[in-house]
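Participant: As a plain string of letters, each chain reads:
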Amino acid sequence: MRQYALKRVALIIPTVLLVSIIVFTVMRLLPGDPALVILSEGDASFTQEELEDLRRQLGTDRPIVIQYVDWIGGLLRGDLGTSIWRSGRPVTKLVGDRIFRTLELAVLAIIIAVVFAVPLGVISAIKPDSVIDYFSRVIALVGISIPTFFAGLLVVLVLSRGFGWLPPLGYADLWDDPWKNIQQMFLPALALGFYDMAFIARVTRSSMMEIIREDYMRTARAKGLAERIVLVRHGLKNAVLPILTISGWQFGRLFGGTVIIESIFKVPGIGTLLIETVFQRDFPTIQAIIIVIAVSIVIINLLVDLLYGLLDPRIRYA
Amino acid sequence: MKPSILGRLSLRTLLLAAGVVALMVGVACGGAEETAPAAQEQQAPAAQEQQAAAATEAPAAMGPTNTPIPEAMAATARPTNTPAPTATPRVVATPTPSAGPIYGGTLLMSAYADTKDWDPLGSSSLSSVISYSQLYNQIVQYDPVDTNAITGDLAESWDVSDDGLTYTFHLRDNMQWTDGTEITSADIISTHSRYANPCNSTGRSGLWRNYTVKMEVADKAGGDCTPTNQDAVLRAIDDKTVEFNLQFASGAFIKFLAIDYAKVLPGHQLDSDPNCAVRDAANPCFLNLGENIIERGTTSGPFILEEYQVGDFYKVNKNQDYFKDGLPFVDRIEHYIFPGTAKDRLIAQFEAGGLDMANGGFTNLSPTQYFDLEKSTNGEYVAHPIAAGTNWGLMLNVKKPQFQSHQVRQAINLAVDRQEIDERVFDNSGGSYCPLMGLAHANEVCMDWPGIRAKDTPGGQEDLARAKELMAEAGVADGFEVKYTVRQVGNYPDQCQIVKQQLQDALGITGDIETLPSAAGYAKYGTSRAEGSSGDWEISCQGEGMVVFDADAVYGGVYRKGGTRNYTDWSSALVDDWFESQKVELDPDARREINKEAELWLHSFEDNHWVTMQLGQLFWLVHRDVKGFNAPSTVQYQFKHEDLWLDR
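Protein sequence lines, in the order shown, are assigned to chains A and B. No gaps in the numbering here: position 198 of the first sequence is 198 in the working numbering, and each next residue is one more. Plus 318 on top of the position in the second sequence (first one is 1) and you've got the working numbering.
One should not assume that every hint holds.
[As the list claims (entries may be wrong)] Within a straight-line C-alpha distance of at most 25 Å, the following computed PhoX-like cross-link-like pairs (lysine-lysine) qualify:
{"id": "1", "chain 1": "A", "residue 1": "Lys93", "chain 2": "B", "residue 2": "Lys633"}
{"id": "2", "chain 1": "A", "residue 1": "Lys180", "chain 2": "B", "residue 2": "Lys636"}
{"id": "3", "chain 1": "B", "residue 1": "Lys718", "chain 2": "B", "residue 2": "Lys879"}
{"id": "4", "chain 1": "B", "residue 1": "Lys786", "chain 2": "B", "residue 2": "Lys773"}
{"id": "5", "chain 1": "B", "residue 1": "Lys786", "chain 2": "B", "residue 2": "Lys718"}
{"id": "6", "chain 1": "B", "residue 1": "Lys879", "chain 2": "B", "residue 2": "Lys914"}
{"id": "7", "chain 1": "B", "residue 1": "Lys633", "chain 2": "A", "residue 2": "Lys180"}
{"id": "8", "chain 1": "B", "residue 1": "Lys786", "chain 2": "B", "residue 2": "Lys818"}
{"id": "9", "chain 1": "B", "residue 1": "Lys818", "chain 2": "B", "residue 2": "Lys718"}
FYI, nobody ran anything at the bench for these hints, they're computed from the structure.
One chain only, chain B, in its complex shape (with noise of 0.2 Å):
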C-alpha cells in the first residue's frame, strides 16, 4: 500500500507542473504587442492632414509636375510603353481609406531575400533596390498614384529641348543630406558620373546610360577611368539646375531615370576619397555595406537605416527632417527576411497577422498561395497584381564545354515544355512566352511557334524529335551531365526541378541541383564575368525583373552585354544592330518590325543564351489597414514606401 503523503506529493508535483506550464505559455501567448499603440498614433494635425492628404491622394496636385513636353518633342518621340502584357490583370479593389492620413505607427514588412547592395551602383537585384530605396532619391520617380507617370522626386521640375536631345532639371529648394549638408546638383554629378561610366557595371542603375552621349575615359584599359567628356554626358549650370544630353530623342531615358536604382548618393561623401570602391570597412565612401551606413552613412531618403542584420532583417526609422513635408507618414518599417526555404513561416506569418505587407512585388509564394492567403485571412490581405512581372529563363552558361554547341542550345529550347511549366510552377497565371515578351510578337503567334508549341500536339512531339537529332548533330546523341545553380528564391527550385526532369527525359541531359541563398548565387553566376573564366556555374533557372515594360529593358537585362542577367556577356552583333536600330526608332509600327525580325532570330536559337519561358505576373501582398498603396507596372519600383501610412 502507498503512503497517503505520496498522493499528496504527485498532486502537488503535477499542480506545480500545471502552474510552471500555465505560467509560461501565458507568458508566451500573451498577446501581441501592439505595433502602433495608440498613444503614438497621432491624429495629423488639420493642417498637416490636408497637405498630408494632398500627397497622398493627389499628389499631382501638390508634388512637382512635369513640364510639358514641347510641341515638336511631343510630335516625334516614340511612344515608349508598348503595350500591356498578356496575362489577364486582377482586378483589385484598393480600398479607400477611412479618414485622412493617419502618423505613426510601425510597419512590418517581409523580404523575400537578404540585400546584395547597399550601393545602387552596378546594383542589379531587386532585394538590394528594395532596401537601399527608402534611404535616398532619385532625380524623378513613378508617381505614387498614377504609377505610371512620372514625377520629381529631387527635381521640381524639367524642361526638354525642343530637339529632344537635352533633358534639364530644376531641383527643389531646401533639401538636405542627414548630415546638414545642402543637397545639390554636383551631388548628382557625383553620383550619375559613376553611373555612366563605362568602368563601372550598368547594373540597373546605369540604364539610362544607353541613351545619353557616352561617357569617354582616359584610358580604360589601363585602368584610368578619369572621364574625358563628361560635361558632355551631364552638367550641372548651377547649385540647383542639371542638364543630361542625349544621343537621340527618347522618351525610355526618363523611365530608367525614374526607376528607385537611380539613386542620388552624398556627392561629398563620395568624394571623400579617390577610390571608392575599395572594399574597407574604414573607407567612408564604401556606401556597399549596411553597417556603413548606419555608423557613416549620409542619407536623404524618408527614412534613415537603424539596423542591419546579415541574413534576419533591417529596420529603418523614420526621417525627420525629410525634406518632402509631411512624408513619411509611419515612424519605423520592419523587414524580415524570408527567404525561399521559408515560404511555409512566411504563409504563417501572414495568417497570424504578423506582418503588413510584403516590401516588393516578389515574395517567393506562387500566385495560388497568394489567392489561399486572401481567402485564408478572410481578404485581410489583398494580392495586388503586377502584370508586367518578371522575364523567367534557362540561362545557359555559354563558356562552359557543353553549351558551346549551338545544336546544343537549340535542342533545350525546343525540348523545355513551357506550358507543363507554367502549370505546374506558376498555376497558369504566364503571361506571352515570347522572347521579347509581347512587344515584338502577340504571344498567340509565338504559341505556335517550334520549342513553344504544346508537347502533346503533333507539331510538340516533332520539336521533341528535332532535338534528339540536334544532339546526336552535336556528338551527343545519349547527353552529358550538367549542374543546375540555383537560387532559393521564388520557385527558382521547382523550376529548375522541372525543366532537369523535362530535358533528363526528351535528351537524356541529368544532373544535380545546387541551391543557394540569394546573394550566394548571384555571387556564383558573377564568376562568369571574368574575362578568361567560365565562371562557377553551367546552367540556371533566373528571372530578369521587368524593370520598365518595354523592348529596350529586355534587350538591356538579357541580350546585351554587360546585361544584369547576361553573366557570360553573351553577344552577338545582330542583336546589337537591332537593339540600335529600334531604340532610335520614333515608328512605334516600324520599330515592332525590327523587334520582330529579332524575336525570330532570338527564338531560332542560332546563337542565345536565355531560352525564355514567359512573362511571369507577380503579386504584391498588402494588409487593408495599410493605405497609400499602389500597385506599380513593373516589379522594379515604389520602394520608398514614404506615402505609406497604417489605418488602425
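For reference, chain A alone in the conformation it holds in the complex (with noise of 0.2 Å):
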C-alpha cells in the first residue's frame, strides 16, 4: 500500500510541472502587456522609455525561459510571487483570502450532489419503472441536460420573481456567522453541484442494478440478513467504487465550475478574482489561481486512487 502510494504521489510532480509549463507558455502568448496596462490606468500619458523600465521592472523583457526558472523557483519555496496590478501584492495573500471560499463552495456541492444523488439512485435501482425511479431518472437527465451557469440563473430568478427572496449578498465568514454563511453558501452549492448530483445519481443506479443481480446478493437474502444489511453492506459498499471515481472527477469540475456560479451568486472566491486577472493581464496571480486549482485536483484524485486502495483489496495489493 505504501508503495502504492508514494508511486501515486510522485506522480504530482511531472503533473505539476507540465500543468505549470503550460500555463506559463499559455499566458505569454496571449496577447496585451501587463506593462501597458499598468501605464494606462489612469488615463495617463507615458512615454516609450517608461514602458521599457516598467517591463524591466515587472521582468517581462527577459526570455521566457529566465521567466519560468524564476517563477518554478519562486513556486518550490512556497513563493506565488507578487500581483502585477496589485501592486506588488502578495500572489499568496490574494489567493489565500478567497481560496477557502471556493473550497467551501465546491465541498458543500460535492456533499449536496452525494446526499441526494446516492439515495436517489439506489432507491430507483431497487424499484425499477416505479415512480420514484421515473422521477429520479427525469431529474437525472435534466440535471445533465442544463448547464451549471443556467442553473445558477435559474434559481436566482425563481427565487427572486417566485419568492422574493434571494441569499443575503456578500460573503459571511463560516466560523464568525456560520447561520448567515449556509444561508449565502446553499443555494450556489446546490445550482453547481445539481449536474454532479443527476451525474452520480445516474451511475449509483446503474451500478446498483448490476449488483442487485449478483449471486452474493441472492445468498446474502438467503442467509436470512435484513433487506437494509444486505443492500447497504453487500450492495452499495460493492457499487461504491464507481460512484466514488465519479465523485472525486466531479469534484475536480466543481472547483473549476466554480468561476461561473461565484459570478452569478456574488461569491468573493478565486473564480471571480481569475475572472479578474485574465482582463489585467496579471500573470503570477492567474498562474497561482490555476497551479493552485491544478495542484487541488491532482490532490483529490491521489486521495481518491488511495480510497480505492483502502476499499478494493485487488486494487492494493495490485
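With the hints as a guide, bring both chains together as one complex.
Facilitator: So this is what it looks like as C-alpha cells:
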C-alpha cells in the first residue's frame, strides 16, 4: 500500500510541472502587455522609455525561459510571486484570502450532490420502473442537460421572482457567522452540484442495478440477512467504487466550475479573482490560481485512488 | 415478491432524503438577516435629531453658506448653467420622511463597475469617484437638498474678489483626519497642486484648472515637474484660508471645484514621499490602491474603507469622528459590484429587496428596466431621473489608418442612425442629438442636419448615398474591417451591436466586438495616449457622463487634448480657439453663438473623432425607505451619502 501511495504521490510532480509549463507558456502567448495595461491606468500619458522601464521592473522583458525558471523556483520555495496589477501584493495573500470560500463552495456542492444522488440512485435501482424511478431518471436527465450557469440563473430568477428572496449579498465567514454563511452558500452550492447530483444518481443507479443481480446478493438474502444490510453492506459497498470515482472526478470539475457560479451568486472566491486578473493580464496571479486549482485536482484524484486501495484489496495489492 | 423490509427501507430512505431537503431548504431560506436590526437602530436623541433634521431637511440653514457674490462680480459674471436638457424629466415624488432621521443600519447599494482608481488624481471614471467620494471631502460641494446650489464642505464660507479673479476659501475649525491630524490649508495646497500640475493628467479632478492661472513647472520635457509659480495659482493665506487665482472671471470654476472628483487628500501623507506616483504597495502615499487606504490611508470623509475585494464589493463604516456633527446617519454601507454582464442578477436582487439603492445614477439598466422595476416592486423602488446624464458617442481611434481619412469619419457620421439607437437601446428616452448637447443649437434644429435626420426620409436617404460616395473618395468603397472594443458596462455592447450592423449595411464596414470589464476597457483605451502609439483599440461606443451641464464640460471631456474621453489626444486649433473664446464670454447669447459655430464645424466632421449619438437620460434607483436623497442634476456628484438614512 505504501509503495502504491508513494508511486501515486511521485506522479504529482511531473503532472504539476507539465501544467506549470503549459500555463506559463499560454499566458505569455496571449496578446496584451501588463506594463501597457498598468501605464494606461488613470488615463495617463507615458513614453516608450517609461514603458520599457516598467517592463524591466516587472521582468517581462527577459527571455521566457529565464522568467519560467525564476517563477518555478519561487513556487518551489512556496512563493507564488507578487501581483503585477495589485502593486506588489503577495499573490499568496490574494489567493489565500479567497481559496477557502471556493473550497467551501465546492465541498458543499459535492456533499449536496452525493447526499441527494446516492439515495435517489439506490431507490431508483431497487424499484425500477416505479414512480420514484421515473422521477429520479427525469431529475437526472434534466440535471445533466442544464448547464451549471443556467441552473444558477434559474435559481436566482425563481427565488427572486417567485419568492421575493435571495441569499444575503457578500460573504460571511463560516466561523464568524455560520447561519449567514450557510444561507449564502447553500443555493450556489445547490446550483453548482445539480449537474453532479444527476450524474452521480445515474451512475449509482446503473451500478446498483448490476450489483442487485449478483449471486452474492441472492446468497445474502438466502442467509436471512435483513434487506437493509443486504443493500448497504453487500450492495452499496460494492457499488461505491464507480460512485467514488465519479465523485472525485466531479469534485475537480466543481472546483473549476465555481468560476461561473461565484460570479452569478457574487461569492468572492478565486473564480471571480481569476476573471478579473485575466483581463488585467496579471500573470503571476493567474498562474498561481491555475496551479492551485490543478494541484487541488491532482490531490483529490490521489485521495480517490488511495481510497480505492482501502476499499478494494485487489487494487491495494496490485 | 419483494420483502416487506424493502418497502420500509425505501420509505425511510425517502423520509430521510425529504428531511434533509427540507432542513437544507429551511436553512437556506430561513429569512434574510435584518440589515438594520431594531436593536441597532437608535432614534436620535432630541437634540441630535433636531440637528440631524436640520442637516437633511434644511442644510442651508445649518451648513456653511456661500458668501454673497459682490455686486460688481454679479453683474459681470456670466451665467454658467445654460438651458435645461431637452429630455423631459419624469416627475418623481420624493416621499416625505415619517419622522426625524434614524441613526444606524446598513445601506446595501449596487455598483455598476469595479473601481478603477482610489486616488482622484487623473481620475475620470464614474465608478471610481463613487468609491472614493465617501472617504474624502471637497473644499465645496453641491448641496444635498438644492442639488444645483453649491455649499461648503471643508470650507465654511468663501469670498470672491470684486473683479471675480480671486476666490478665498475659509475652512472650518476642528476638522481632522482619521489619524488625528488637523485638516488645514496645507492639505488643500498639496492636493490641488497635484491636480493643477501640467505633468499630471487633468482627469475630472483637475477640470477647474482650465480657469485658474496656469501652473508652470521647471522642465516638463525633462521630467522636472516642480511648480515654479504655485503661489500665483493657489496659496495658503494661513492655516485655515486658501486662495485660488483665476485667469478670467468665471462662475464655472467653482462648479468644477464642487464635483466629487476634486477631493482633498491628506497632505502630510502625500508629502511623505517625493514620488507618490510610484506603484508600490509599500509606498504609503500611493493612494490609488484600496488596500493601501485600508492599511495605511488617512481619510476625512463620513465613511472609512473597511474592505475591498476586487470585482466583488467594497464596504465602508461610519467615521465616528467625522467633523460634521450628527453625520453620517447610517453605520455602514456595503457596495456590491454588478457589472454589465449581471443585469438580470441586479434586477433579481432589487426584486428580492436585497439592495436598498444604486450607489449612483448609473446601473447598467435601460430606462424600461427601471420602470419595470418600479412596477414589479409596487413602487418600493423609485427611479429618480437625471436629465443631463451622458454624452453617448461613437469613439474613433484617429491614430489608426482606417480612421485617418476624414471622408471615412464623415461617412460614418452620416450613416449612423441615431433614432434607431435611441429606440432600440434607450427606449426613446434620449435628449439632444446635437454635439454640444443642446447648449448651442436647439435639438429641433439639429434634427434636420445631415446624418441626424431620420434615415427613412428623403434627406436621410441622401445622407446614406453621400456616405457611400465619401467612402469611395477615401478609396474604401467596399468598406473595411475593424474591431469594436467595448466595456461591459450599461448599454455599450448593445449600442455597438447596432452601430456595427448599421455601418455594415450602409458602408460595408465589418468587424467583431470585443467586450471587456470596465477597468480593463479603460486601460485599453488609454493605450492610444502614448506618444507614437496608436493603441490597442480601433472603434468604441463610449459615454462622457456630464460633469456639470455646461458647454465647457463637453469641450473638456471630448474635444480638448487630454480630455477624459479623448483617448487619442485629438485636437483642433479651431476648437481650441472656440473653447477659449466662449469660456471667457460673459454674454450668454454671444457665448451661444460661438458655440453654435463650433457645433456646426464639429458636426461637419471636417476633422472630428467623436460621433455624437445623443444626450442620454439616466436614473438613480432608490428604495422608498431610504430618506435624505435628492437627485442631482448631473451624474457626477452626490456620492458621499452622509445625508442618507433608513426609515425602517
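Participant: What hints, given by number in increasing order, does this structure fail?
Facilitator: Checked against the structure, no hint fails, so every one of them is satisfied.
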